[in-house]
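Colleague: Sequence:
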Amino acid sequence: AESTFGAAAFAKAVFAEALTTPTLANSKRLASMVEHLGLDVFDGGADAMMQYCMQKSPPVPGAGMIVAATVTRDAERWDEALKDALENDDARVVAETLTVLAKAAKSTNNS
Numbered sequence: 001a002e003s004t005f006g007a008a009a010f011a012k013a014v015f016a017e018a019l020t021t022p023t024l025a026n027s028k029r030l031a032s033m034v035e036h037l038g039l040d041v042f043d044g045g046a047d048a049m050m051q052y053c054m055q056k057s058p059p060v061p062g063a064g065m066i067v068a069a070t071v072t073r074d075a076e077r078w079d080e081a082l083k084d085a086l087e088n089d090d091a092r093v094v095a096e097t098l099t100v101l102a103k104a105a106k107s108t109n110n111s
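First residue of the sequence shown: 1, per my numbering; consecutive thereafter.
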């Protein structure tokens, strides 16, 4: 239980850092944590994670990785992720997000 508490505290700290400083490195850390720890350790869970990833200003570098990890953990988020990706004005963001969602779908189907 103590290691779970420590992991949750660390995950919350990483998310707080990402909220103030959205960088590719922070996105990689968050995606990895979502994959390994799930979404319950983060304040606001999947809702907060998706809201963060889909923010337009400032855009989150590598948000697609976090979205892919989130939808892999919470299958109900697929529709939301696809809709948000397709509505984005930045073609690069759309392409990145759809690419990582496709990879997430493939890995989910292979497991």
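Calculated from the structure, these hints are not laboratory results.
Be a bit skeptical, because a hint or two may be false.
Claimed, not checked - Distance condition first, Cα-Cα at most 27 Å in a straight line; then the derived BS3-like pairs of lysine-lysine:
(1) LYS103 / LYS28
(2) LYS56 / LYS83
(3) LYS28 / LYS106
(4) LYS103 / LYS56
Said to hold, decoys possible - Label pairs and their in silico Cβ distance ranges:
(5) GLN55 / GLU76: 29 to 37 Å
(6) GLU76 / HIS36: 15 to 23 Å
(7) ALA91 / PHE5: 37 to 45 Å
Built from N, CA and C at the ideal position, the CB exists for glycine as well.
Colleague: Any hints from earlier that this structure breaks? Give me their numbers in increasing order, please.
Modeller: 5
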